[in-house]
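S.K.: Sequence:
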Amino acid sequence: MHVWTANKKEELKLGKQLDKTVEKVLEQIDGAGFRQKGAFNLRYNGTALCHGDSEHIKIKKKTDRQGIDIYIDENTNG
Numbered sequence: 006m007h008v009w010t011a012n013k014k015e016e017l018k019l020g021k022q023l024d025k026t027v028e029k030v031l032e033q034i035d036g037a038g039f040r041q042k043g044a045f046n047l048r049y050n051g052t053a054l055c056h057g058d059s060e061h062i063k064i065k066k067k068t069d070r071q072g073i074d075i076y077i078d079e080n081t082n083g
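Residues in the sequence shown are numbered consecutively from 6, following the numbering used here.
Hints are computed from structural coordinates only; laboratory data are not their basis.
Honestly, I wouldn't trust all of these hints.
Unchecked claim - Keeping only pairs whose Cα atoms sit at most 30 Å apart, straight-line, the calculated DSBU-like set for lysine-lysine is: (1) Lys42 with Lys25; (2) Lys65 with Lys42; (3) Lys42 with Lys63; (4) Lys29 with Lys66; (5) Lys67 with Lys29; (6) Lys25 with Lys65.
Please put together the full structure from these sequences, using the hints given.
M.R.: The structure is reproduced here in C-alpha cells:
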C-alpha cells in the first residue's frame, strides 16, 4: 500500500493544472488543434514543458548547465 504525502498530492494537482494550461496555450497557437510543423520550444513561467524538432532544426537540453542548444542544419533555407 502506498501512502500519498501532501507533496505528492500537490505534485499531481500541479500536473493536472499544467496539462490544462498547456492545452490552452496550444489552442491559442492553433485553434484547429496543435500539429507539430517545424521546431518549437514551449515554456511556462520559466519551466520547460515540451519541445520538438524539425527536419533541419534540432533542440536539445544542455548537458552542462540549464538551457537548450538549437542546432540548425547548414542546408536550411529561410
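S.K.: Check each numbered hint against the structure and report the violated ones by number, ascending.
M.R.: Failing hints: none at all.
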